[in-house]
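Here is what each chain is made of, one letter per residue.
4 protein chains.
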Amino acid sequence: MAHPGDLSELDRLIAGGTVHAADVVAIIGKTEGNGGVNDFTRGYFTQSLMALLSRHLKEPAEQLIHEIPCVLSGGTEGVMSPHYSVFCVSEGEAIPAAGSSLAIGTAFSAPLPAEDVGRRAHVDSVANAVRAAIANAGIERLDDVHFVQVKCPCVTVARAAAAITAGKTPLTNDPNKSMAFARAAGAFGVAVALDELKPSDFDDASLLSDFSIQSPRASISSGVEVESNEVIVLGNSPHWAGPLRIAHRPMIDALDIGAVIDVLADLGISASPQVSAVDAGCIASVLVKCEPDRRGKIRGHRHTMLDDTDINAQRHVRGAVAGLVAGVIGDGRIFVSGGAEHQGPDGGGLIAVIASREGSR
Amino acid sequence: MAHPGDLSELDRLIAGGTVHAADVVAIIGKTEGNGGVNDFTRGYFTQSLMALLSRHLKEPAEQLIHEIPCVLSGGTEGVMSPHYSVFCVSEGEAIPAAGSSLAIGTAFSAPLPAEDVGRRAHVDSVANAVRAAIANAGIERLDDVHFVQVKCPCVTVARAAAAITAGKTPLTNDPNKSMAFARAAGAFGVAVALDELKPSDFDDASLLSDFSIQSPRASISSGVEVESNEVIVLGNSPHWAGPLRIAHRPMIDALDIGAVIDVLADLGISASPQVSAVDAGCIASVLVKCEPDRRGKIRGHRHTMLDDTDINAQRHVRGAVAGLVAGVIGDGRIFVSGGAEHQGPDGGGLIAVIASREGSR
Amino acid sequence: MAHPGDLSELDRLIAGGTVHAADVVAIIGKTEGNGGVNDFTRGYFTQSLMALLSRHLKEPAEQLIHEIPCVLSGGTEGVMSPHYSVFCVSEGEAIPAAGSSLAIGTAFSAPLPAEDVGRRAHVDSVANAVRAAIANAGIERLDDVHFVQVKCPCVTVARAAAAITAGKTPLTNDPNKSMAFARAAGAFGVAVALDELKPSDFDDASLLSDFSIQSPRASISSGVEVESNEVIVLGNSPHWAGPLRIAHRPMIDALDIGAVIDVLADLGISASPQVSAVDAGCIASVLVKCEPDRRGKIRGHRHTMLDDTDINAQRHVRGAVAGLVAGVIGDGRIFVSGGAEHQGPDGGGLIAVIASREGSR
Amino acid sequence: MAHPGDLSELDRLIAGGTVHAADVVAIIGKTEGNGGVNDFTRGYFTQSLMALLSRHLKEPAEQLIHEIPCVLSGGTEGVMSPHYSVFCVSEGEAIPAAGSSLAIGTAFSAPLPAEDVGRRAHVDSVANAVRAAIANAGIERLDDVHFVQVKCPCVTVARAAAAITAGKTPLTNDPNKSMAFARAAGAFGVAVALDELKPSDFDDASLLSDFSIQSPRASISSGVEVESNEVIVLGNSPHWAGPLRIAHRPMIDALDIGAVIDVLADLGISASPQVSAVDAGCIASVLVKCEPDRRGKIRGHRHTMLDDTDINAQRHVRGAVAGLVAGVIGDGRIFVSGGAEHQGPDGGGLIAVIASREGSR
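Chains as they are written, first to last, in the working numbering: chain A, 6 to 366; chain B, 6 to 366; chain C, 6 to 366; chain D, 6 to 366.
Chain A extracted, bound-state conformation (with noise of 0.2 Å):
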């Protein structure tokens, strides 16, 4: 991508037949905004792979907006690329595969109003469009689903105002703290969803207070383009025939290499201490979830990003787990997303990773 707005690539593969318009079922990329409330990268890469999908579809770019997840996280703070990976769904001949393979569904929920926005309906909201995924995806055993990426509506200043004049209470009218909570209750739905959280287990006190709660599998997103929670769900099948798979791990802290480390091992994938290039060649897919230490600390010493005015506390762990994480893979065309409340372990989060079979040899 040479900007935001660039599709050209994507365009290239249709026209040439690699990519089938019609397989397209779900985008995960990453653009170059600051990732806060007023970030519209997202916005314009949406609109434009929209009018692309259109063009070549020729349905409205309206529709296919509620039908195909297009999930972006902005800020590709240091080594990071700006990508956007393009999930294709084909039908095929029953393969008798030799074990499971990559299985990706998707939902969208309703419209959410902004004073729902981090509270228990948007928690419900959550859970119901991950249900709905994963059966989209046709997943049978919870277990198998590795990664649930959802992305979630919040408030800016002027959605909440326009809340208040409707004589509504939005939870708050700060759009970053709008966006945690978001997050947070994505967290909760995806949990609920996966019987990782019983609906009785938490309260709306809960979100962004009881870190004890959270799920190794949920990559929460939140921004002010989208109204409604767009789900993707990637999980193994054995009703699935492809080259690729996909594993996850928590990670403990932004340190956390060895989660790196072992979720290619996961997938057959040696790092030591980088994946070779011919490896590096199968990984289709990284995927990572992190968030500064909110107690200050990192393995008891002060870390900074908490208290500066100048840039935004999630540019900074996003640029330091990238780091982390280009640097085991040799590749900056990673995802790695702020904002893991309750996206894994409390000063963590997640990676998740998918690769080809090859990578096992």
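Hints may be right or wrong, so weigh each one.
One copy or two, it doesn't matter: identical chains are merged, so the pair holds either way.
The list that follows gives simulated cross-link-like pairs (lysine-lysine, DSS-like), each with its CA atoms no further than 27 Å apart [claimed, not checked]: (1) K173 - K302; (2) K63 - K203; (3) K182 - K302; (4) K182 - K203.
Keep in mind that the hints were calculated from the coordinates and are not lab data.
Given chain A's structure and the hints, the job is docking chains B, C and D onto it.
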């Protein structure tokens, strides 16, 4: 450090007799500013340090500041933790050492006029100071020098204006640009002093232009708070005793995790993938220089550090490389400094580590 | 505008018949990006606008983008409100006007190669386009031209690298610097076209160097999203009818409140100290260019805009000057653009106001 | 000031006998940090000032810091120039004054525990200190108080963690939020001390919530570098002699140029539109508090300050309001401080000016 003016820990060590104030010969540290022209955390720390030493040594701070190099790099992006290393030297009886030990020497140049910053006069001034510091360290073979830290003055808009008023022509009145030229002059000066570069092999135009000229042992900082070049030379010498040794490696680029593993191996420390807690206790100091690749790509993929109007490119790269190195070391108390022009390979930099020999077991 | 892609208000005006899509000849607006190289809010707005007009006009967006200049300045620092002015022209019967009315003309240059940016070829390209736009406006006397807006292309790191690969030598590969040179070239081009500057009176080295060369009617923006120079000429002409007129004044420095009062007075509007609500309703557009004084002082006192590593200097000055002008106007919907190199007095800039004649009562 | 640690000008005035070090009772100034939690320019200035006074007064700096309030606001965005005002009081013979003159009083509260920040205990602590400062100033009528500056402590992530470890419950561990609550508590404390607010008319929940509670004479800063509340009361009193007087006005919003004109008129100074150079020489100090409107709009139009992830909202508004006020005054050496919660009208703030009576001629 609780903040850039917090020297309470050193005060405690001196009060407790662990550190003798008279033994302090140099300081290298990271403070939590932005690392740019308007980073005053370095001056604040220096003022606090000199006041502390002045109190203990009964010498005026104004004199100490010209005797004890205090090299600070601003910017603890991401996982870095603000900290400082205090280098102490004490006389002892001659001990027949099994080999070489860490040696240290320091020197100060005369104050550098604003119009000399980034020009040959600056290079010469640094080279002479480096030679003086090597002599001060008692290092006989240039190969035994592993790390030369230089802190160079730069111009601010005000200094540039004053020079112009005085009829002089500063190289630039853009402070960030001035810092870059100052770092380049420092690196050339180190290369000249270490016989890596002949004075006849470059001219003023080579600075920030011919990146084939580089010293893998030069670590240059630049800041508004110094007026002369301050030099710290670190190496190994059979004339010194003590448990510590130093090693260094160039870093090819910001993803060069191999250099980190290799420099640790040089000191007998393994990381697979992370240094063990025991070995981590043997590491006294980790010193890194890095640089956003000026060609806009890392291993063929576009990075966005140089195009970001919101976050300075040096802050980006420090955060990323520190994430990588801290992940291998398992500790955020590392010195990672940006602005590695001509210091190691273009787009990369260097890493030096000081560790005790127990690490070699 | 709710966000940079929100053209719903214009859509409503077109749907309601207030605006005829075919009458739209130019757009000038402020979007809420950072105004720097990585400000994609301008591209996002432009894409959204062209899609909207394409839908109404049944012409491809790719063609419209080369017919309708869409000049956006990113950065609504402080009290500024994101907004856009749509310039429409409709044919009418010849009305014997009491005097001159607002006239507008537009033009596009050929695409500008990256290596030409900021050089004489760039100046010539702009000058020719300005002459074409003046002719297009039907303005006969150059004195009747009051404001010439030019949007110039600049280089990104990627564009610079591509040019170098192609054997060309771009002036710089620093994008922020490239934007500054592009603006300088634009101002020189306007000055040449308005007979304020002879082609023989400058050379390449004069750009960003000889600040005695300036045009008090040139307003230049630069951005990554355009490849040719886009020109909008605004003036007064007896051949045009309509309620609007335009006036302009140079601004001596960032504190020049007198220029604001004077340009309003030129249009018969008083501000003592603020424009009344009734008169404010007569003001159609306020266009300002400004610049952080490169000598580091304003009226003898040090400012810190140029030494700030955290906030770009142009963002600083836009916020300050917008605070002043909006305070006089009583409205934050003003166009204040930074980067006023050679556009009005050094360290200052210019202000132009478009208002209806009722203001004169 | 060349930088935040530069007190050379005051040193010169003391050395020259213009200022008697023993007369210094308070300092109010602007330093060039970011004004946020990690703004250490305030601590740096304070340390430098106290060292200077200590040298002249032969008293330990540690004692002076608890006797002389040093209130600094970080952030000289836009046209502001870093500067400080030194308030001196000298005993003299009783002069039958024609009227009231500027009176000043100071006070310090006891250190405030981290868990009290932003709560009623904080309000009470401030109110008591303000009453003490009024008594210290010898001001008898509360109406004669025109400006009460309070510097309040806040929590950092580290302080909050320490309090939690000690079994306490800080209001928040978000430093920026803590600063806001601290400012609110300070404003409530001033209002209580000035009999504008009854203690029974609010509770903890009113802070940062009920914005009908406000004091148009309260100016509150908050920073990590203080541990107790420091108070400076400024007013007019017939018991004091000297050429200076003070006046104040509330500011309705960030565009309220009328308040600037009016407060100057109160002191007999006209600005049409700018204060003349002669009158400007009579102005000793300009003190402004301002605030980004939390409802997201100014006079009905959306502003983007609160949604900007790159630039802190307080930096935005300081730059804008300083642009306006400096434009009227014709000088960038003004004190404009953000965070005006409950200090003047919601979304606005206040302005106070100290000028000599010659201004009235």
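Comparing the hints with the structure gives:
With identical chains, the CA atoms of K173 and K302 are at most 27 Å apart between copies only, with a shortest distance of 19 Å across copies and 38 Å within one. Taking the shortest alpha-carbon separations for K63 and K203, neither the intra-copy value of 44 Å nor the inter-copy value of 54 Å comes in at or below 27 Å. Taking the shortest alpha-carbon separations for K182 and K302, both the intra-copy value of 21 Å and the inter-copy value of 19 Å come in at or below 27 Å. For the identical chains of this complex, K182 and K203 are intra-copy neighbours only, at 25 Å inside a copy versus 32 Å across copies, given an alpha-carbon limit of 27 Å.
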